[in-house]
Structure formats: C-alpha cells, structure tokens
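Novice: As a plain string of letters, each chain reads:
There are 4 protein chains.
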Amino acid sequence: MTEAGDKKYIELRRELHAHAETGWTEFWTTARVAGILSSLGYEVLVGKQVLNTGAIMGRPSEDAIAGHIERAISQGADPAWIEKMAGYTGAAGILDTGRPGPVTAFRFDMDAVDVSEARDEKHRPFKEGFASKNAGAMHSCGHDAHMTIGLALAEILMMRKDGLTGIIKLIFQPAEEGVRGGKAVAESGILDDVDWFFGAHIGMGVPTGSISQEAVGFLCTTKFDVTYKGRAAHAGGAPNEGKNALLAACSASLALAGIAPHKDGPTRVNVGFMQAGTGRNVIPADAVMKVETRGSAEAINNYVYDRAMEVVRGAAEMYGVEMTLEQMGAAVDALGDKEAVDIVKAAASESGAFGNLLPPVELGGSEDVSWMIKRVQKGGGKAAYFIIGSNIAAGHHNEYFDLDETVILPSAELMAALAESVAKPA
Amino acid sequence: MTEAGDKKYIELRRELHAHAETGWTEFWTTARVAGILSSLGYEVLVGKQVLNTGAIMGRPSEDAIAGHIERAISQGADPAWIEKMAGYTGAAGILDTGRPGPVTAFRFDMDAVDVSEARDEKHRPFKEGFASKNAGAMHSCGHDAHMTIGLALAEILMMRKDGLTGIIKLIFQPAEEGVRGGKAVAESGILDDVDWFFGAHIGMGVPTGSISQEAVGFLCTTKFDVTYKGRAAHAGGAPNEGKNALLAACSASLALAGIAPHKDGPTRVNVGFMQAGTGRNVIPADAVMKVETRGSAEAINNYVYDRAMEVVRGAAEMYGVEMTLEQMGAAVDALGDKEAVDIVKAAASESGAFGNLLPPVELGGSEDVSWMIKRVQKGGGKAAYFIIGSNIAAGHHNEYFDLDETVILPSAELMAALAESVAKPA
Amino acid sequence: MTEAGDKKYIELRRELHAHAETGWTEFWTTARVAGILSSLGYEVLVGKQVLNTGAIMGRPSEDAIAGHIERAISQGADPAWIEKMAGYTGAAGILDTGRPGPVTAFRFDMDAVDVSEARDEKHRPFKEGFASKNAGAMHSCGHDAHMTIGLALAEILMMRKDGLTGIIKLIFQPAEEGVRGGKAVAESGILDDVDWFFGAHIGMGVPTGSISQEAVGFLCTTKFDVTYKGRAAHAGGAPNEGKNALLAACSASLALAGIAPHKDGPTRVNVGFMQAGTGRNVIPADAVMKVETRGSAEAINNYVYDRAMEVVRGAAEMYGVEMTLEQMGAAVDALGDKEAVDIVKAAASESGAFGNLLPPVELGGSEDVSWMIKRVQKGGGKAAYFIIGSNIAAGHHNEYFDLDETVILPSAELMAALAESVAKPA
Amino acid sequence: MTEAGDKKYIELRRELHAHAETGWTEFWTTARVAGILSSLGYEVLVGKQVLNTGAIMGRPSEDAIAGHIERAISQGADPAWIEKMAGYTGAAGILDTGRPGPVTAFRFDMDAVDVSEARDEKHRPFKEGFASKNAGAMHSCGHDAHMTIGLALAEILMMRKDGLTGIIKLIFQPAEEGVRGGKAVAESGILDDVDWFFGAHIGMGVPTGSISQEAVGFLCTTKFDVTYKGRAAHAGGAPNEGKNALLAACSASLALAGIAPHKDGPTRVNVGFMQAGTGRNVIPADAVMKVETRGSAEAINNYVYDRAMEVVRGAAEMYGVEMTLEQMGAAVDALGDKEAVDIVKAAASESGAFGNLLPPVELGGSEDVSWMIKRVQKGGGKAAYFIIGSNIAAGHHNEYFDLDETVILPSAELMAALAESVAKPA
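Protein chains in written order, with this note's numbering: chain A, 315 to 740; chain B, 315 to 740; chain C, 315 to 740; chain D, 315 to 740.
A few of these clues could be false.
Pairs involving identical chains hold if they fit within one copy or between any two copies, as the list cannot separate such chains.
Stated by the list, open to error - Simulated pairs of lysine to aspartate or glutamate, EDC-like, Cα-Cα distance not exceeding 20 Å:
#1 K577 <-> E555
#2 K738 <-> E469
#3 K659 <-> D509
#4 K543 <-> E624
Keep in mind the hints are simulated off the structure, nothing from the lab.
Produce the entire structure from the sequences given, and follow the hints as far as they go.
Specialist: Set out below in structure tokens:
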C-alpha cells in the first residue's frame, strides 16, 4: 500500500487506542471494526454469531455491560451495529472468492487491559492526544495494532480478491486478556471448516524488522473466582453465631499455595487477590478469591486444578460456609504445524520488512488462541502463531506501553502473502 | 421546660441527625454545638483544646479531613468556628458559677456510624425529611440525641446558674465509634480537676420511661490495622521473585483466631476485614487486616494483644514482608462509683419521667467513656454511666434505627438534677 | 473402727498403690476388690455386669488387654475372678438388707494415671517400698484411696447391716482418667433404681480435717482421636502422587484452635498430640491427632464439638485423605441435689474428723461421675459429689503425688453415716 | 579372577549383608573392611583419618553410638580396629606403587537403610540365611555389593601392582543414606591430591550386562530437623499459660509447603515427619519436624532453603517458642568430566561383561558423592560416576531388595581396568 495507506492505518490504530475497552465490553470497538469490514464489502458476523455463549468465561454483570453499551454509544458507536450485537462483542468478516479453494482464517484480538494509561508528556499516546479516553482501560498489550493489521489486511485482500480462492475469514476475538474469549470463539463452529489458520502477536521482545517463526511453550491455565458466603455476627457479643468466610479463604489460600509440584513439569497456583469481611467487629460473612492454576501440559494443569477444587471445597466445609465457583478464563497448550510454520517462514523471507528471522520464542505464559489452534487441528486444518517484531516503549501491560506503528502495514502485507500462499489459484 | 422547648430540641436533634458526620469529621456538628454553647454564654473550647493529639487513634488522612471541612462549610458551618478548630473536632462548654464548689462534668459523644441511612417511607427520618444528607454516615447509635440532651442541659443550667456552685463542664467528645476519641479527651487534662462525672447512653434495650442505674461489663479492647508490604512478581514467570503479603495475612489470621483463651475471663480476637493483592496473575504485594482484641479486664486484653503482636510480627518474618501497625482505637474496663450511682438513682426516682428504675445493664461491648471514668477516678473524683430508656425502631447501628424523641428533654432535666445534687450551695 | 482397722486399710491402700493399672486394664485391681467384697458377703458383679459395652470409650486394643491380663495373673490375681471378668474390668458389691427401703449407691473409681512413679528417696511410696510395680502407671490421683475407702465402707456396712434398710450398691468404676468409663457404667442400668447416690474425691486442694460439701463447675468435654490416611510418595520424584496426611492434620489443628468462643460461657479445644509421617523424603501418608473439646455446659461443648467435626472432615476433603474418628472419652456437666448435699453437710458436721466445712469447690475440669449423677437424677434419685480433705505431697497426676492415709478410715465412717441417714429404719 | 574368587566375594557380600549397619554406626563393617585391606597390604586409615568431623551431619547420639559399638564387638568385630576408630566409622586403603604417577581414587559407600528386611521364604537373603541380623537395618540399596567390589578391586590391584603407577586410594564412605557422610569425607583432605576419581552405583534400573556411562541430574538437597520448645499448661485450666509448639509446627508446615516454585527449575520441600505434644489435655510444649529442601541447582536449593529458614523462624516467633535447627544431611549437584567418562566408556566397551553401553541415566535424586566430585574437580582432577547394571528383585530401599551377585567380580575387573587406563606406566 501507499504512504497514504500507512498514514490512514496509523490513524486508525490511534483511534482504536483512544477507545480502549476491556474484555466483553468492546462495543465501540466491535461497531467500528464491523463498520469498516462491511464498507469494504465483507459479510459481517457479530456477537453470538461468532461465540458459543455457553463457553464464555469472565463476562461482567449485565448491569456493567449495559453501562459499557451506553458509553460506546455516547462515544459515537453506530447504534445499528450495537443493536445487532445484542450485548455480545466480537466480529468476523467473511470473504467468499466464489472459487473453489481452502478456507483460510486469521485471528485478531480486540480487548484492552485493566490499566490506567500514563498521563505523562514522555508517553507518546498522551503527548499526541490519543491516550485512552476510558479510565482503567488501556491498549497496553498491542491489540489495537492487531486489529489495525486485520483491517488493513481486509482492504488488501479485497483489492487482490481475484488472485485468491476459497473462503477467507477474518476473526476479531473479544476478551483475550484473562484468556476468557478464545474458547467461546473456538466452540462457535466458525473454525470447523478452516484449512489454514494464522495468528500473531506484536512485540514480545522481538524488535522491529525481525520476526519469530513461532511462539511455543503455551502454558495451560485455568482462572476462577471462589466466593465464600458465611454468616455475620458481632465478634464480641455472639462470635459463635458467625460463620467465618475470611478464615475459610485463609485456610484455602495456604493450602492452594501448598499443592505439591508435579513430577512431569512445572506447575503454578496463585491466589492473586482476596477480599473478605466488612467491619472490624463483625465476623466476616463474605470472601472472594481470584485464583489461577497453570501447568506445562493439560494433564498437569488438570492435576493442579483438581487439587485446587478439593482445597476450596474442603475449606468451605471446615468453616461451614457456602461456596460458589465461577470459571473466569482458561487456555490450553498448543503447538503450530510444521506446514503452516514453514509458510510463515517463507513469506517472511520474501518480505522486505522482516529480514531477521528468529527461532521460536518461549511464550512462558498463556494465550487463548490455543483453543482455536486445537479446534482447527482437530478438524484436520493446519495452524501457525508467530511473533511480529516491533520495538516497544515499555513492557506489555505497563502504563507506558507503546509500539512501533511502522510495522502495521508491513504486517498486513505479510499476512496477505500468507493468504496468497495457501489460497492461490491452481 | 415548656412544650416550646420540647419542640425546639426535637428540631435540633433532627438537624444534627441530618448532618451526620463520622468520627474525627464532625466539623459541621462541632461548629453548631460550639455556636449554641457560645450563644448561651458558655466559655467554649474546641479541637486541640479538648484533645491530647498524641492519643488520637484512627483519624482519617489529612486529605479526607480537608474534604470533610469543605463539605461542612458548604452545608453552612460557621467558618469562624471551623477556623478555630484547626482541623480537629470536639468541643466543651465551661460554666463557672463564681461560687466555691465542685467541678462537675457531663460527657456527650458526637459522631455518626459508617452506615447508609434507609431511604424508605417506613423509616421516619426519611419520611419526615431529616435523614442524613451525608452518604455512608448516619446517626444510628443515638449520639444526635446525646448532643441534644447536652445542649438542652446547657440551657437549663444557665437558667438555674444562681442555684449552682463550682464549675460545670459539658464535654462533647468526637469519635466514640471504634473507641477512637475517648482517650484523647481523657488525656487532654480537661478532666483532671473533675469531682463528679456523669455520662449516659440512650436506648440499649431499655424502654421509654425506664432507666438503668449503671452500665457494667465494659470490655477492654484494642483496635488496630496491620499492613504487609511484600513484592509483586509474575505468578507464572517468576514466582520466586515475589514476597507474598496475602499468604502472610492468611497465616496471621489463622493464628490470631487461634490465640488461646484466658483462664480468668472471656477473650475475643477478630480479623474483621482483609484485602490483599491486585491481579489474579501477580504475587500479592500488599495486604491489610483490620483487627480487634478484647478481654474482660485490662490484663486479659493485654494478654490477647501481646499474643497478637507476636503473631503478626512472626507472620511477616515467615513471608519476608514488611509490616506496619496502626493503632485505630482502644477502650478499657471501667466501673462507676457507688456514690455517683446512688445520686443517679435518687434523681431518677424523683423524676416523673423515669419511673421504672432497672438494675445494672450488661454492656457486653466497649465504650471509650471508660478512659474518662478512669481518669476522673484517678484524680479522686466519682463517676457514673447510666442508660436512659428510649424505645427504638431498630437495633443500634441498623440503617432503620430511630429513637423516641420525647425522652430528650426529660433526660436533660434529669442531668440538671444531678448537677443540682452535687453542686448545690451549702 | 479400731486402730487395727486403720492399719489394715492403710496396708490395703498401699497394696493397691503398688499394683497401679490404667483405665480398662484394672484386672489385678478388680480381682482384689471383688475378692474382698465377696469374702465380706456381698453379691459381686464384675465386667460386663456393670458396663454397657456399647458406651465404652478409649479401650485399648485386645492385644494390649490380653497382655494386661497376663500381667495381672503373674502378679497374683485370682484366676477365677479374671475368668468371670471376661476381659472387662469394674465391679460392684450389692448388699440387700432384706428390709424395705431406698436403693443407695456409692461410687469409687479404680484406675491409675499414665505416669511413671518417682523413684526417689524423698517420695514415701518409693522409700517405703510400695511404689507402683508397673512402669508407666501410677496412682497419682488418689483412686487407690477411693477404693480403700469403699472396701472399708463395705466392711462397716456389713457389720451394721441390721441398722440399715433397702439395698446398698458399692460401685467400683474403671477408666475414670480420660473420662472413659463413667458413661458405660451409667448406661448399664445398675443406677436405674437408685434413690440416693454419693461420690467423692480426695484432696483437690482441700486439707486434712476439712471437707467441701460439693464440687461444682464440671466442664462438659469430649475426647477423640482423628486419624488421617493418605498416600505415600517419594517427595522428590513423584510428589504429585502423594496425599499428604500431615498437612491435613496441620490445617485441621490451626482451624480447631480457631473455633470461635461462645457467648454463653467458656470453651476450650486442644490438639494435645500429633504424629504424622515417616521418612523425611516421603510424602506423609498417616497422621493422628488427640483432641479434646470442652464447654461450661452441654450445649456449649456440643457447639465446639460440632464445629470440630466440620473442621476435621473439611480438612480431610482439602487434602484428599481418609478420616477415621474414635471417641475416646466424654463427660457432661452435673450438679448435686440440695437434699443430698445437705445430708453430706449434716453428716460431716457430726463427724469428728471433718470439723472444717468448706463451701463448694470449683472443679474447673471434668469428671465422668457426671454421667452417673445425671442418670440417677433422671430416674428421680438425688445425688451429691463432695471433696474429702487430705494433705497431698504434690499435685494430682504428678509423679511425686502422695496423700494423707489417716483420712481413709474416717472417710469410710462418714460414708457409712450417709447410708445410715438415708437408709435407716423408719 | 577365578571361580573361586567369585565364590569368595559372593560370600563376603553376604557376610556384609548379614551385618547391615546404618549411617555412622558401621563399626562391624568398618572393622571388617579395614581388616581385609590391611591383610592385603594396604596402608589403612579409619574414622577421623578420613573425616572432617566438623562437616559430619545427622550423627546419632553418643549413647546410641556406644550401643552400636557394643553390638559390633558382640558380633565379632576386631576390638583393635574398633579402638582405632575411636567412635567414627569409614575407612580408606592406600596403595603407593612407589612409581611416579597420578593419584587415583575410588569411592564405595558402606551404610545400610532404615528398613527391616523381609522374613519371607520368597526373599533369597532370608531363605538362604544371610538376611540382616540387625533389626531395622538392611542393605536394601546395594552398598554391600559396592564394598565387596571395592575389596575385590583391592585384591586385584595389589596383584597387578607392578603394572601401575602413582598412588591409589580406595575410599569407604560411611552414611551415604540421608546424604550425611559425603561432605565430611570430601572436606577431610583425602581427595585434595586426586587426579582421577571414580564412583559407581549398582542397579538403578540398569539390567545385568549393561552399564550406563554416567549418572546425571543430581538434585541439590538440604536435610534438617526443626525442634520447637514451648511451655506446657493445662489446656482446660490455664490455656493462656502455654506456648503451643504444635501450632507453631503446623503453621510452619503449611508455609513450607507453600514456598513458591522457582522460575529456573524444579524445587521440592517436604515435611516428612512431625511429632508434637504429649497428653490430650496439655498445651503441647514440644514439636519436631524432619524437613528436606531440593532444587535442580545449588542456587535454586539455596533459594528454597533460605525461604524455609524464614518460615521456621517466623513460626517460632508467631507462637513465642524457642527453635533449634540441626543440619541432618546435604548434597550438591555435580557432573562428571568428559575425559573420565570417556575412559569409563572405553573400558566398558572392552570388557566382556558389560556389552550394552547405555546413555546417561537421570538420577532424579541426591547422592553425596557429589561433594567428592566437586572437591576433586576443584583441585583440577577429573571424575566420573557411572551405573553398573544388575537385575534387582525389588526397588531400592524395599524390604525385598536383592541384586545379581554375578556382576560383583566383573565390576571389580572393570574398575581395575580404569585404574590401569589412567595409572599405567609411561
């Protein structure tokens, strides 16, 4: 694309950056993405059309959702799209070439992080006026760039439509942070006919001009909230009448931390947050814990998770309190396919923009694209997930995060080349 | 007093009720009390004049104080009094008869409870338009009535000044809730010359028309906040780099609950509130616990408190976290003197309003008037603390609490009779 | 009785002292008691004739019982009585006067304490050669004297038989230590027709020459052992394969200690002993805890016990281990009846030996005579439990414990007077 | 060697097997080894001559040592050697060829395991009459074979002395189980001039006829006992007077289990044994915990150990109890040198007995030969530690463990070949 295109997409990235919305609340964002895809001539699916709602995790309350919809509209979101979404975010653009050929899918994540953006002159988004308008939400992971790449790719593919075959699906996934949305997309059915699947993340320590052929070491993880409900009582006057949810949570936390390691690989468990009780002189009747388990393979994470369930249930029984458990997120382990990774390597080599081809990068964390990779592979398709180099101003999730916008358009071009590799006419 | 007086003081109680302010933020309230005392001809002391600031516990941050001062002024508090207070609430009115005689003191507490008042037609203060204007603050313990009794007493005593001797001190104490202010008043010196000291609480299960000669069973208590400061780290990527404040707080909480009982009397310890950590995937770097200890005597509470200190310090060491401790409140045990109690009994018998004289009531809780009683007794004075009967609409500290306003003026008359008993001319 | 009688019974006490046997293993002792009662002309019941075996608590293994029987025989126990006992200790002597009258019962406990007697010249039983022959068993509570008083009483009553009416039952109870045997005797039915019931303890701080009319403040208590069975695994090589019984016991212990106190009276809970695990490098597969709960009333002890059950079951679930619970002892609260206490007071006043009549003594502990008192009272009978003064050489249960033998015969005379008071001819 | 030699050494192995002695109590064993070495013409060092006593860990009490010496003598140990040992086990045989050349050392461990040998006809040592005479001690790890190989090697080397150069040291190390003795030997100085060091273990899953060139994956570990000393008190009558060592140990155990994993490699921590308290109704005054930490590298084990120290000290402070810590064992990580490993590979290839050369075996545990390997390497020497194949009847440390005695003599021949490789005349 031209320099004008470059400028247009940098502006689009900044617009998305300014309207940062956290997981399951990407209403302004989804409306904007859907509008562009539609205007380019794509068939557009939104909300429940791309989600299995039974597999949604960590969705805010309906009240909170309603508030975010209001905000999106007040910030200019197209009410027609908002109505089509019917409370659920996420979108997909479908391009049917009309020619026989493979189904090729690309995935872009949409949500911002629960971070308040730095308001500091040394932070470019603030200095140049495109910092997040929304308190407590910031694109400090780079999903704004991911979506921009996806929309630029949409334009390029539509322009080059006549040189492509089969069907192309551009999937914009909500709620990647906390690994909450990937499973719902994977189980929606939208991937069940996919032959080639590509995903990518920007940054991750890979500098501008480089690319890493594959991210590996996805950790399996489960995120859940435990709520204990006991009974309040005056701590001085009638302590025996209370049921102490705080102590239940404390017993559970110590035992969760003490889950034995696994002989076959690393495990992790963390109670990252606890709140319990109200007044100093009241036996605490409520407690909530935010917990996550991890394991280097599904069986190992399952071991930790199963032990965690024993612990949190047993602690409830110890203190006579009621327990509710809410699944808040999950990701599995996943590995790309050699065939698809080789295509990424070849396209990158031919690209002028990514001269430096790096070996696989250890993710050392979790990504819910893993659900999609596994779903595609289950149906016989091939997948790759790679890392796009981009210099970053601060670590991912940091309030000073910023990225190198010059890599956006070359990334879209690279993905177009991937589509052309697998969906070229015979 | 006349019916007009009755009406005036009911209106004053309602005005105070509508301007409920919690401990150490009684700026509007102090200004109003001081203004009335001054207009009646009392010498008026405010703020640090009635407080030993070194003994203040549980005072909000200076920022919060500043906000409350602003609100008080915006609600019409007299700026001249606000300026005299210099950031500290509480007041005393001094009446010097000019005649030799004893020093007689009365104590009234001023603060509201951290409760949001019911907004419900069945709740009279809401229905009749005098519910608290201040969110999260409500006179649901009856201190509004206490102050009103004190101001009515002020008027009566000034009218009957010529029949009295010695000096009379009407002390309006801030921050009784959480037993935070009593010690600062006791150690200010204002009580050091007091010969007779009287305090009272309204309600407490005693119905209108009755009076209980004495409250007994004051529990000694100490209130404190423990803050642990550890070090955050990514729970998946570098768990060994964290210092886990949440687990320290959990270990401490279990051990605090397990402090052995005392052979000589009941003990209590409660962690009423805990908050720890931030994100689910971060080793929690911070934790705060709100704790209280109790014992039926000072030595017993000291035993529990000393054990609690071992526990919270040891838990910090176990997890390598820093600890800070803030004293948030304290009360001691106290017993009235037979001489003073007998005077209450005699005055109540002669009063037409309190025909039913009940035996001592078990307080089963803590009251920081205990610091004042002990201070007076230490100086050789005599004290009594009694319960004024009043039907109540719901339990103390409940959002539907209301009281029987018809007892206000008779209570002021009863206290005037107490003054006349001890400070009558020879 | 004469001086010769005095000497005879001191020698008997020393013989019993030398053959100290702990709870449920009083085979030599039961045979000796039964032999004497029989030779005096009493109908004698032993073992299951005086026990409801379904209510037995804390009985050693059959192997251990067999070993103790062997030892008893080797120490000269009469094999005929041993055979009649059929493995169960305890005895009763029945004297039927043949004349209409009340049923009157006296209770004497038989077992020694798990203490190794001091082997020290300053300890009289050692110096004078009547220290316990049995390692780890010592009459350091005074039950040797209780039985001696009972046997002297048997002789006196038989001599004075013609002045008595009704039926007299002298009950020798096994296993009072750890409150294990009282319930089994109470539920055997032997007390169901009793009109007057008397029991006593020697010493307890009351000096020679004094008597306390009544022991009060019996604490309800429950004693139980909790065993957790998990699964061993190599702690280095396969930690995830273990099920950690040690950690389950630790979680349970902390939570047991933290059971909230009760508003209505003192509570206690103690894990007095724990053993868990085997080798340092093995995940501990076994743990045992010895626990007791107490409360100042049955409802209060029940509250603590019920909470303890929640705790020990919940901890088992937390760690995926199996739990077994064994009831090891129990006592209830009990109060004597004024009618019976008054008879004790009257008899003591008339006795030359107990000139100093003391008010009720606070027991501050548990005694399983409480089961018998309640059983008698349930059937309409009257009971008293008093304290016989005796100077002691060291505290009860101490390895240097010894008592003043001169009080033995006067105590038997006092009890005979009680029988004569209630069972005298019309 | 001949068939006669084979028979002789099988009988020697059985004799050693029958006299199994656990760590630091190998008195009979040391005397037997020293006697043979001496009779072969070796200079013999025993006890403190091969130990730095300051580095000894986990040695039994002097009383226990005295008892084991008595037993050794009663079982026929040579009193002259016993006297030379002066209470300390372990031996070395020195062969000085008189010719210039390298110093070459071999290491054999001597101690038995704390296991009671199976008394079962299907267990050959029992059936054939050479099971351990010593209750609770069994050569169920194969150290009996190790020593036999060493003594056969001694005979072979002495026969072939004229074909060797330099000095050869045959080191018999006490107390390998629990990794208690290796450090004391390493720090004795005996290895400081060693150029070539060889050690081996029999079995470990490698079958007869095979050999594994090298054992890898030594885990660093620290073994320690923690003792808490509190204060006993009656749990019912004076609970506040106790200092509860049991609860301190429970708090510590939960926190030890919860030490966060390390990002750089596996960690382990285990409380394998706990005993606390005495009577059910006594506040527990004593507790002991047997603990071990592990890490895949020294820095990682140090991290776990340092955290463990914080935990056990903090728990002591929490409960006001005194703590004592005793180091009971330790091992480090170690890797062989390629030069030495290559010599093992070459000799094994040439040997007829070990035709199957296997790759490195993951030890997945700890071995205190690691201290010696590191000491030799520090002085510039080269080391190898390999696994001698032998079919085994049951797992190491199992009560049915037995090994294939036919590998003993070939192993000695192999080691002789190693000596000849490095210490051959120029």
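Novice: Does each hint fit the structure? Answer for all of them.
Specialist: For each hint, the structure was consulted:
no.: 1; hint: K577 <-> E555; result: between (44 Å within a copy, 9 Å between copies)
no.: 2; hint: K738 <-> E469; result: within (17 Å within a copy, 78 Å between copies)
no.: 3; hint: K659 <-> D509; result: within (18 Å within a copy, 50 Å between copies)
no.: 4; hint: K543 <-> E624; result: both (18 Å within a copy, 16 Å between copies)
In this structure, none of the earlier numbered hints is contradicted; all agree with it.
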